[in-house]
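Residue numbers (my numbering), protein chains in the order written: chain A, 974 to 1184; chain B, 974 to 1184.
Source of the hints: derived by calculation from the structure; they are not laboratory data. Some hints here could point you the wrong way.
Since copy identity is lost for identical chains, a pair holds within one copy or between any two.
Claimed, not checked - As a list, the in silico DMTMM-like pairs of lysine to aspartate or glutamate whose alpha-carbon atoms are at most 20 Å apart:
1. Lys1000 to Glu1029
2. Lys985 to Glu1093
3. Lys1000 to Glu1130
4. Lys1000 to Asp1056
5. Lys985 to Asp1056
6. Lys1028 to Asp1108
7. Lys1018 to Glu1100
8. Lys1048 to Glu1157
9. Lys1028 to Asp1049
10. Lys991 to Glu1153
11. Lys1092 to Glu1153
12. Lys1000 to Glu1093
13. Lys1018 to Glu1149
14. Lys991 to Glu1059
15. Lys991 to Asp1127
16. Lys1092 to Glu1151
17. Lys1092 to Glu999
18. Lys1018 to Glu1052
Being a predicted model, the structure only gives us computed values, none of them experimental.
Number of protein chains: 2
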Amino acid sequence: MARSAATQEAEKRLALLKAAFRVVAEKGFSSVTLDDIAARAGVSKGITLYYFDSKEDLFRQLFGWLIDSIHARMKDAVESRQDPVEKVRALVALIFPSPSKNRAFFRAYIDFCGLAARKEPFREVGERFYRGCRDIDRAIVEEGMRQGAFVVRDPVEAASTLRAIFDGLMLQWLTEPEPEASFETYRDRCERELLHYLTGPMPPREKGRKP
Amino acid sequence: MARSAATQEAEKRLALLKAAFRVVAEKGFSSVTLDDIAARAGVSKGITLYYFDSKEDLFRQLFGWLIDSIHARMKDAVESRQDPVEKVRALVALIFPSPSKNRAFFRAYIDFCGLAARKEPFREVGERFYRGCRDIDRAIVEEGMRQGAFVVRDPVEAASTLRAIFDGLMLQWLTEPEPEASFETYRDRCERELLHYLTGPMPPREKGRKP
DNA sequence: GACGATTGACCGACCAGTCAGTTATTCTGG
DNA sequence: CCAGAATAACTGACTGGTCGGTCAATCGTC
């Protein structure tokens, strides 16, 4: 059974997007050229503008694809756990996969934020990303609140803060002198601080310190 | 008393940096040209490379100047209050001055993070920025802990989280469809969530303030 | 041989950085 | 105090190179 022409075309597009992602992570949106992307994908330069209307169109689709796959993986990670605390832990593990993947993703992510802060079509994509995150995060928070494990007031605001802690810690990590060495520090801190924020001053499991 | 030549030169440099800041906030680091900066400063293009070694040198100095003035203003805001809770409020007020200033600053800030994530000299500047923030934030947290108002465990980690909430919320705000309208929402949320994080689930006994 | 996929030479716009030349300021000796 | 020399500040045309986008030619497949 032959794959349809449409499917093949979609695969070619995807291959270009993946190549673009890798090269954007390295060099940054603004210094990536169509030649770079084509070279990484192993095709000639002309082909990139055969499959995409323009460089901007390519990047818009790149970020659209990225956020869809991120959303999907977050939903997946969350659905496979029952306990809200475990769901948070699963999110942390997903978002901090490894130093190299992390750096690649967040470099591209920051570039994207810079674009979203200035160009309307990118802003819309960014909005979609945060909306998706907020829905996932809020569901976790609401569940935690129902079970009495989370002591936050407002699930929407808590979801927003949750995501802010992820992003903000990542920004800090990216400026660390030795990202490899401090990676686990940040991952652990992220988990600890998120749970501190959600469950209140007392750690959920261990009894130990009390103010 | 005539100003020294060195002072005059420094003023010229500063005028160029200020012009560069405004134009970077609008267009982003990578699409700003030396012509743009010169035009904004009301001088000819050649002058920018007369006062700076290169475009990159100019931007490095721009970000250095920015973080110094931010640090100074944060220290100032913090020192003028006694109560740790009030210090946090002062920081929030400082960081959220107005929608337009906010957007200008954080657009430039994001660009800077993108640069810092990839180019060593910029990474160092970013590290200096976060180190300064951490020192200020940690001092506040330690004071709050001594007074028993803050229920966090570790002052360094709490300072890191504090800053993450600032930055992370700002990223979200920048993708809002109507930044003007949601500005106060985010400022209030930032204050509320920071204090929730620091003082625990119970809102602090009111100090004559309205939420 | 028809047609979509692919190539890469090419074009024009853009831009960092250079530099020869111009103007403003300071210095010097008469 | 001044002429004019020396120096500093400044200008903008120019250069060399880059890159997004185009397109005529070629390839591969049915």
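Verification of the supplied hints:
no., hint, verdict
1, Lys1000 to Glu1029, "both (16 Å within a copy, 15 Å between copies)"
2, Lys985 to Glu1093, "neither (27 Å within a copy, 35 Å between copies)"
3, Lys1000 to Glu1130, "neither (35 Å within a copy, 31 Å between copies)"
4, Lys1000 to Asp1056, "neither (40 Å within a copy, 45 Å between copies)"
5, Lys985 to Asp1056, "neither (40 Å within a copy, 60 Å between copies)"
6, Lys1028 to Asp1108, "neither (31 Å within a copy, 42 Å between copies)"
7, Lys1018 to Glu1100, "neither (31 Å within a copy, 38 Å between copies)"
8, Lys1048 to Glu1157, "neither (23 Å within a copy, 31 Å between copies)"
9, Lys1028 to Asp1049, "neither (32 Å within a copy, 45 Å between copies)"
10, Lys991 to Glu1153, "neither (24 Å within a copy, 36 Å between copies)"
11, Lys1092 to Glu1153, "between (33 Å within a copy, 16 Å between copies)"
12, Lys1000 to Glu1093, "between (23 Å within a copy, 13 Å between copies)"
13, Lys1018 to Glu1149, "neither (36 Å within a copy, 35 Å between copies)"
14, Lys991 to Glu1059, "neither (31 Å within a copy, 48 Å between copies)"
15, Lys991 to Asp1127, "neither (38 Å within a copy, 40 Å between copies)"
16, Lys1092 to Glu1151, "between (33 Å within a copy, 14 Å between copies)"
17, Lys1092 to Glu999, "between (22 Å within a copy, 11 Å between copies)"
18, Lys1018 to Glu1052, "neither (41 Å within a copy, 57 Å between copies)"
Against the hints set out earlier in the document, violations occur for numbers 2, 3, 4, 5, 6, 7, 8, 9, 10, 13, 14, 15, 18.
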